[in-house]
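Grab the two chains, each in its own frame, and use the hints to assemble them into the complex.
These protein sequence lines map, in sequence, to chains A and B.
If you number the first sequence the way the working numbering does, the last residue is 461 and the count never jumps.
If you number the second sequence the way the working numbering does, the last residue is 368 and the count never jumps.
Possibly wrong hints are sitting among the right ones.
[Stated by the list, open to error] When the alpha-carbon atoms are kept at most 20 Å apart in a straight line, the in silico DMTMM-like pairs for lysine to aspartate or glutamate are as follows:
| hint | chain 1 | residue 1 | chain 2 | residue 2 |
| --- | --- | --- | --- | --- |
| 1 | A | Lys187 | B | Glu120 |
| 2 | A | Lys244 | A | Glu190 |
| 3 | A | Lys53 | B | Glu103 |
| 4 | B | Lys362 | A | Glu196 |
| 5 | A | Lys185 | A | Glu196 |
| 6 | A | Lys104 | A | Glu48 |
| 7 | A | Lys46 | B | Glu103 |
| 8 | B | Lys275 | A | Glu190 |
| 9 | A | Lys104 | A | Glu287 |
| 10 | A | Lys53 | B | Glu305 |
| 11 | A | Lys182 | B | Asp114 |
| 12 | A | Lys143 | B | Glu103 |
| 13 | B | Lys275 | A | Glu98 |
[Claimed, not checked] Looking from chain A toward chain B, a few residues come up when the C-beta cut is under 8 Å (computed):
| hint | residue |
| --- | --- |
| 14 | Ile176 |
| 15 | Thr388 |
| 16 | Ile389 |
Quick caveat, the hints were computed from the structure, so don't treat them as lab data.
C-beta atoms are modelled at their ideal positions from N, C-alpha and C, and glycine is treated no differently.
Here is how the chains run, residue by residue.
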Amino acid sequence: MTIAIKVENLSKKYIISHEKKAQDYKTLSESLMQGGQRIANKIIHPFSPSEVDSQTQEEFWALKDINFEINQGDKVGIIGRNGAGKSTLLKVLSRITDPTSGKIHINGRIASLLEVGTGFHPELTGRENIYLNGAILGMSRKEIKLKFDEIVAFAEVEKFLDTPVKRYSSGMYVRLAFAVAAHLESEILVIDEVLAVGDAEFQKKCLGKMDEVSKGGRTILFVSHNLPTVKSLCNKGVYLEQGTVGETGEILNVINLYQEVSGATYARGKIVKAFNCLSGDISISNAMVNNGEEAIVNIVSGQNKVEVSLSGEMGFPRELSLECRLYSSEDICIGLFTTRYYNTSYKTIDAGFFSLSERFNLPDLNAGVFFLDIYLMDMRTNIALAQLDFKITLICEGTKMKNGWTFKNLQHNGFIVMSDS
Amino acid sequence: MEKNQEFQFTIEAGKSERHYWADLWRYRELFYILAWRDISVRYKQTVIGVLWAVLRPLLTMMIFVVVFGKIAKLPSEGVPYPIFVFAAMLPWMFFSSAFADASNSLISNSNLISKVYFPRLIIPTASVIVSAVDFLISFAILIALMAWYNYWPGWQVLTLPGFLLISFIATIGAGLFFASLNVKYRDFRFVIPFIVQLGLYISPVGFSTTIVPEQYRIFYYLNPMVGVIDGFRWALSGGTTALNQTELIISVSVSLTMCLVGILHFRKTEKLFADVI
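Chain B on its own, in the form it takes in the complex (with noise of 0.2 Å):
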């Protein structure tokens, strides 16, 4: 028997960082199997099927579109109404369903956490995919109803990746600190959507950022999705509405800070998942 046998791998105390990130690229087949599978099961025995992704978003819309254009008033900066709308209705609901996904797809995965070695961080970023599907499919409502609306953008909306960027990063920083809080501790479930339908009142999804009092804009923009929602109407509506450099730039660092607290939590506290969940 050799002594000193080499060994490919050792598992020891506390030592199972050093090939985490060489293990999330060999899993990357989990990865895209995974958000394959959600994205398949999702429409599975409605009668409606994918109709629905169209659906949510449009019905929303409409009713905004009465409470705020109609009958509140508000303005919109230049721009048709439902378009005002839909162009933040894009990056919120990108954001919400990806962030409620994530938060609670460890708890739904927990057969796997408990059965099967693999890094944990595939499952939150697999479920957000569903959610870009969605998006997708909203932005193909978009454009159909900018060329109803006969309303057409300008060179602006090339920067739309960058903005779409930047709410994927906060998605993923809140979904990965919620998402390994909610292991441990349930009350998370309750407390996910109600950020979710809170966060809508406080973004400006139906109505404009201008009518917010000046004097708090710079506490309105501590929400990272003002800044993206923002973006996404600057750069579809050819920059007729406002996107400040302050709101842009708190925008992108909260959304850099929260992606880095999430990322940090959730690897500090992913090796005891298998024993709480």
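Okay, chain A solo, but in the shape it has when bound (with noise of 0.2 Å):
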């Protein structure tokens, strides 16, 4: 197998600069003589840090020793937090800037999507931006002609494309920048979250795309923060943390290490000790999600359910119940799960040792990421008694239904279907 992409040794790094504050300078003259300085400083050594720069400079690594290679073939996908300098890799596989140390050994023509419609212009037609758009991602116009109808079909633009694209409405606009985009003939492909464009309809079409072009047997690098889509289209993966490769290889083995560590840093350790405990007379001393005492919880196909058991003290005598409110990836709350239905009977728990236990039926949920908060409550005050201070994430890889077929790609991540179990 031959090797498309190899990368020894990359590093990037960045300057960034601090102003001081203004009272360093004691007199106006002294900070107009100062700044003068540093002025005729600047013009005679241009974009190199002077000595008498008011600014501190610190140095920041956004790449640090990067090794890894692509085969061939390879649908990579690049996964990392913010600032794990996903797009500092790109940018620099796409010769955008310039490494500052390290080799980066190419095969074969590149071509690299860091922005949907790059260099689009308001007020030129869609004929028009389709010629500009492609000669800027690297097609000739023979290239361009060859495909154009492919093109305006693809973007279904064909009534007005004869209108300026600042008269376009913005899925419009975004469908055609996008189709120029997927008709680029290259044998690796390099791409940054561009996906999450357009209508529903759209990004499935996108996404058919991404699946048609990688089947072509072309090299694909994808960044995106979306797992399920990653994992769908990528075999590889990279992933990136603060600048460093935490893991190549398989891409299912890269996913699960980055929800870990990803999951991590929102409570290290047990989810014991990140409950508070909002009324002064209890302790949680055990808490588990799925009989793990851990903050990510895997929900695997067919089994959207979650055990939930609590123990501790209490001073006084109390009916208790556990209420748990399930988030989308964008932080909405989308339901709320209580034992108060559950437990026909009230019964009351005497002062002292406790423990609770209930399994939460989770509608069935698309795969995604959703997140789970988890409240202890008094059920005659309707007063919470003690609050998870952060979320379990949940990772969802979809639902199987009864009938095998399984529910994992929506456009959306968050619908919930009802079923009727």
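Structure, rendered in structure tokens:
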């Protein structure tokens, strides 16, 4: 198997400057002097940090000693948290910015798509923008001419081809932009989070196109925060963590590691410690979700149940209930589950040790990331006694329906399908 | 897996130079299309459209004729004053608008620079083409003007492309230099209009070089546009107006130096454009 991209000890440094406070200057004339000196210095040595700089400068390594190889035909998902260096890596790969040290060997023509509609001019018509954008992305006029009809059909803008794009709806604009990019012919395609555009229908089309492209044997590098998409599209993964490679290899392994690590940023260790006891006499000694004291829970297909158990001590007898709130990845509360409705009999729990355990049947969820909040409630007064101070991450891989069909590829994460069970 | 696989291409720190000029050629279509974009966008959503390209030089010329020719009564070396002024305005307007456009071109295309790779030299040079089109339109006006006055040039007119070339070289040099400075120091956005405005007065557009005192002329010639403007006048007036060798040599060498400095500075700072813009 031939290597398409080989990255060797790649590093990229940025200089960030912080402006010093103005009181560092004693007098106006002094500050003018320093300012003048600075300007003179900058003109003589542009782009180099000068000594009489009123700004303090700090080095920041966006990428540090990156090493990995990508084989021809691999679809590689690059994942990592914000600021992990994903975009910098793509920029270096696309030659937009030079690396500070290290090498990248590339085999084949590389085309990158870091933004949808780069260089679109609002005053130009759709037709003109296809040629402009195509040329900017590196297509020749001949190539664009050949693909022109295909692009127009894909974007569904036939009627508005000779209208300036500033009159387009934002959806049409984005569709046209993606259509041009989707018809790029190159051996290696670098894509940065461009799928989050257009309406549901069009997103589906984009994903389909991406799939088709990837089946054509081309190498793809794909940056996205949308893990289910990455999972379905890519076979290899690179996980970046603060500018270094955290893990490379099979996409499933890489995603699992990423989920573990990123979930841990909500709370490292056991979730017991993360309970805020809102009533003075309550303490929590044990808290578990799905038999693990972890902050991340994988919901496997066909098993949309969350078991919460909580034990501790309290000073007064109470009627207790557990309450879970389900949030979408956009942090919108989309469901409330409480034992109150499950337990028919009110049962007073004595002061001292208590232990509650409840199984919540979640609705059938689309593939994606959800969050869960847990409350310990006093049923009589309806006051929260204890609350998790972070949300548990639920990663749903899609729901397996009774007839075997897996429900996972709706265009918007967060939809709930009601089932009769 | 092959261990010693040959790679077609290597990105390496500080080694972007090697492919640069080849890339410039490879991306020539982008050059055409950017130039075409700037031209076709220029008069969009204007009522009189391309007529602006005719009106602007004509009105400027009229004002100059009134101020310098009629009120100040400056000499025009035996050429009708409108032609005398217009012959100078051709290269000056080309230089000033191309220089201003080129200097601001990187900033106004910052979205391209931070998202796509191509030799950055394409942007400022493509923006110069717009002014070249305006130049052609002005040139047509000049021909009409000369027909009106029934004033025809001699064989000297054949040297005109040479003078145009000099102004082109000077424009590219100054444009590239200021474009690259402008990326990091936006101060130059204020400096550039100032230079253009001032340049009009220190170049012999509305008047003749002969009114500059003899002993200062050598300094005056350091402005490369002086030689170009006098050259244009000389070529179009059939040698009636003066053009001395010293000024021509100075103009050519200053232009070439500017061009060289501009390109070198641009190339030196280009790598950092995407990071600092």
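For each hint, the structure was consulted:
1. Taking the CA atoms of Lys187 (chain A) and Glu120 (chain B), the gap is near 17 Å; set against the 20 Å cutoff, the hint holds.
2. For a cut-off of 20 Å, the pair hint linking Lys244 (chain A) to Glu190 (chain A) stands: about 18 Å separates their Cα positions.
3. Under the criterion of a C-alpha separation no larger than 20 Å, the hint pairing Lys53 (chain A) with Glu103 (chain B) is consistent with the structure, at around 14 Å.
4. The straight-line distance between the Cα atoms of Lys362 (chain B) and Glu196 (chain A) is roughly 39 Å, outside the 20 Å bound, and the hint therefore fails.
5. Restraint check for Lys185 (chain A) and Glu196 (chain A): the C-alpha separation of about 17 Å stays at or below 20 Å, so the hint holds.
6. At most 20 Å may separate the alpha-carbon atoms for a hinted pair to count; Lys104 (chain A) and Glu48 (chain A) meet this at roughly 11 Å.
7. Among the hinted pairs, Lys46 (chain A) with Glu103 (chain B) is consistent with the structure: their alpha-carbon atoms are about 12 Å apart, no more than 20 Å.
8. A C-alpha spacing of about 41 Å is found between Lys275 (chain B) and Glu190 (chain A), which places the hinted pair above 20 Å, so the restraint is violated.
9. Among the hinted pairs, Lys104 (chain A) with Glu287 (chain A) is consistent with the structure: their alpha-carbon atoms are about 14 Å apart, no more than 20 Å.
10. Restraint check: the Cα-Cα separation between Lys53 (chain A) and Glu305 (chain B) comes to about 56 Å, which exceeds 20 Å; the hinted pair is violated.
11. Proposed proximity of Lys182 (chain A) and Asp114 (chain B) is supported: the alpha carbons are some 19 Å apart, at most 20 Å.
12. This hinted pair checks out: Lys143 (chain A) and Glu103 (chain B) have alpha carbons roughly 5 Å apart, not beyond 20 Å.
13. Proposed proximity of Lys275 (chain B) and Glu98 (chain A) is supported: the alpha carbons are some 18 Å apart, at most 20 Å.
14. The closest approach between the C-beta of Ile176 (chain A) and any C-beta of chain B is roughly 6 Å, which is under the 8 Å cut-off, so the hint is satisfied.
15. About 65 Å separates the beta-carbon of Thr388 (chain A) from the nearest beta-carbon of chain B, more than 8 Å, and the hint is not met.
16. Below 8 Å, beta-carbon pairs count as interface contacts, and Ile389 (chain A) has none with chain B, the closest being about 61 Å; its hint is therefore violated.
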